[in-house]
Amino acid sequence: MNDKNNLLPSGLPRIESLEMRGIVKKFPGVLASDHVDFDVKAGEIHALLGENGAGKSTLMKILYGLYQPEEGEILLNGEPISINSPTDSLNYGIGMIHQHFMLVDNLTVAENVALGLKSSRGLRLDLDVVSARILELTEKYGLNVDPNAVISKLAVGERQRVEIVKALYRGAALLVLDEPTAVLTPQEVDDLFVIFKQMVADGHALIFISHKLHEIFALTDRVTVLRDGKAIGTVQTSDIDKEGLAAMMVGREVVLTRERPPVTVSEVRLKLENVDAFNDDGQQILKNLSMEIRSGEIVGIAGISGNGQRPLAEVVAGLQKISSGRVLMDGNDVTGFAPLQMINAGLSYIPEERMHDGVIKDFSVEENAILQDNVNAPFSNGIFLNFKVISDHARRLIQDFNIKTPSRETPIKNLSGGNIQKLILARELARDPRVLIAAQPTRGVDIGATEYIHAQLLKGRVEGLATILISEDLDEVMAMSDRIIVLFHGQIMGIVNSDEITAAELGLMMAGEQSESAFIE
Amino acid sequence: MSENLTMAAIILGILHSGIRLATPYLFASIGETISQRAGVLNLGVEGIMLMGAFFGFYATMQTDNPWIGLLAALIVGAMMGLLMAIASITFQAQQGISGIGLFMFGAGVSSLLFKTMVGNVVSVNGFSELTFCVSDMLCLSEIPVLGDIFFSHSIVTYAAFALVPFAAWMLNETTWGLNVRSVGQNPEAVDSLGVSVTAVRYAAVMVGSALAGIAGASLSISLLGLFQENMTNGMGFIAVALVYFGSWKPRGVLLGALLFSTINALQLWVQVLDLNIPSDVAVMLPYLLTIIALALPFRRSMQPAALTKPFKRGEN
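Chains A and B, in that order, give the protein sequences. As numbered in this note's numbering, residues 1 to 521 make up the first sequence, in order. As numbered in this note's numbering, residues 1001 to 1316 make up the second sequence, in order.
You can trust all of the hints, since none of them are fake.
Dumping the calculated SDA-like pairs for lysine to any residue here, alpha-carbon to alpha-carbon at most 20 Å: (1) Lys-212/A - Ala-479/A; (2) Lys-1249/B - Val-150/A; (3) Lys-118/A - Thr-1175/B; (4) Lys-1312/B - Thr-87/A; (5) Lys-153/A - Met-1302/B.
Since the hints were derived computationally from the structure, they do not count as laboratory data.
Chain B with its partners taken away, still in its complex shape:
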């Protein structure tokens, strides 16, 4: 009996963490989806997330207001995106290389600023977990099972999930989304109709990067409430892989993010419970899954045709 209870608690824990951990992946990979749909592969997500995580954390620490932290992360993310856009769109640099440069820049600068401006690990009061109390007596978070899984997350996590249908609507139902999709597929066509390819791509990269900045802040001021050097630990790169996994569609990305974060949660529990599986194998699981998913050939046909290709008028 008690074994069953433990088991139920573990499963509950995994599902709760799965949803929670999906937060940074969702922000970052939805942002990357927008950027890639416009034809720009931004490999710098990891660096942008670190910058967002630090500035979100620092602004929160200074003002004691996590909303200001979130805004700071958004602005820093957009500025990082501006760097990426200048290099890869205006100067037509190889997107993969400029993205890696951006990652190293973000990782280095966030570490440096942390060391000089903060120094040691301190925690801040970030976004707290909501309880959805209708009255003093009734809180949705108190509902058995469902409350744990669905009604005990911070506002940032709910925003991450709300972003999915919103991004899908933006891409598919608005004039800007049509521009983004077209620019990633056939920029010559867009140019021939008098729409600036450069402007559309700049906007897409900056919006995508702002979301990556928020993804970083969601770690430092919502999930953990602290900053550490290199705290994203590869999440930014996984987020890029999730875009491929999700076939460049927000809904597909959502599925990938959930699968990934759940397996990640599972992996954490395997370590905690000291099961008979070497923890290294458990840690490998999510990455193994990524490789398998990316190797599936049918996904590649969904790739935006002009992805990674700089646009220059008059060159076919």
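Isolated chain A, as found in the complex:
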């Protein structure tokens, strides 16, 4: 509407172009940015795509003034600028939506927006002035945010809109969006994309960071792929397909589709009957949960983060007490079993927080490979460890699971996320379990390792393993699972066959809509 003088709806000038040239950033032992060129223009969404550790975040942190590059320059509308702190970048009109919400939970929306800004009343806060301006902005951009709401009471989709308001309030003409959809439902993602497209149409410039290929295609105009700190190439999104982008990311051809060969599903391995559980604060975290997992099937658990997935995994692993109901393994009542008893009953568990619950960071690869089994033969005779057997075991796992590590004695924390996850998977499968719980097995894991982990899970399925796959990645759940259970507020919203449901239908259930037709046993 302000075409004449090139103003944005917020009343501030546009950023016509922003260019990063030859950016070099070194960290001890790593070249995080290796002569990277990148640019974005007003009215376009430019995607930055790459694996974890490819250098996307580093590049954006340089743009936002959180890191200083060793070499290279940044040009704003053709003029070189220097950005030494977030304050500088905000002054230039560069805003950032971070991967994790940068909100103070116990404050209101207005307080979060006012944070760090000069007040029109000097020392005293001017929250009423701030609120009025927020309402003005939300109306212009269709954001629907209540300035007086406390953040902790807002849904994640609303919190994301607060982040956008915060950036706009500070006069952002260019917005860096660092994986903004990670915690949203498919519907919330759609709503957010509508907002982004409107912002671009109004003359904003957006940089969209993601590793979700379908989002790149749904939203962006151009895409730049980073790998190992280098810019591999920049292409028009319309000129390339998913396989092409994945190959650019990984550096080789990758298989994106998952084949689930038909298998005969047999006996029930794990059964939950009317399970209720409460957390330490007395809140109910699982409500009347009943399910069956059979030999030879992968059952996916879909849901937005924090809707009972973790308690469910922990109940089965023996880490979370239940207040009523029963847990059965192979028909035996294992309710209230301790973790070790569950392991002895045939359970393997890949925990969600792998660095925290899955490995001991400072222990070697070899030691981590026998966690939980260290007291058992053949690794121990009850008193002493048998180091030869332990070494052989680790060597075999490293080889069989293609784990990249300098040596067996390397502390596990020095491995990449994908390789750590492969070791955990190797350890858990080596125990020859009857039931496997895989919680977020590929979160933060590169495409190559994801491909490998999926192949192993599918191999277990053919061999008769009963697997529960908990994931927030809907694509993963749909591709890998035979049946899908949707959790919302600790309750089952539906149990569906994965071949008979769309992502949109799952999304509705994830948002709490119970579908009657969805209960298929």
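Got chain A; can you put chain B on it based on the hints?
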């Protein structure tokens, strides 16, 4: 009849002492509240109070002006806070440990300086108790009951009570207060908006410690008018506990301080009156109360989320 009178006098005495004794607790725990709201647990309050008590006392002794004593205590307190801030914010030391170090440093240095610079217990002319005389004939302190309880304290005690609404206003209504509250809750968010987490935390710790210094001086130059080694006798630690008791809110801290000091006064009277309760039990009362209060689980949810966590950019 006379028994009733004695009883009334005792109750009056307890209430008067309760308000009086709340003074050091209020300064110290309001200061600690500010520090903790910014995410820094300062366990060194006891040591800072001892330093404040000594320097307040010494400066008063030298100049005969308690205001200069108060200023000295404030500056020494802030300097102690600077030490704490350097250790726990710049060098990211464990807050609990550096606080205990600060306590031992303050206790040791104040004792040493007292021995070398003063030597024996002497009294100084500190702040005197006000009488609120409107004219020669009419003094508010002379009003029966009310005068005793409310209108016969020193200016320092009134300042301690005035600090409560002022601190609440600072925390809730000013831009600096918003920074403090945010830094204690989610420092990453503050950093991402271009506000220096380090600067906000330094300021909060130093303001809090300056108040702890004044708390010490309120003992030595207002309540007692003398200095003794280790004269705070655990008050600094109680002040830290009062912050938890008060759910990190100045008003809650006020309630805790009053409850605590009143029970303390009660305990003193139990000892004086030689009642049929062993004095050890009476002495235990305030501490028992602290433990019970801290065990109440609902208070913990009010705790600043980033309390005791050093902030380092880029580490989530």
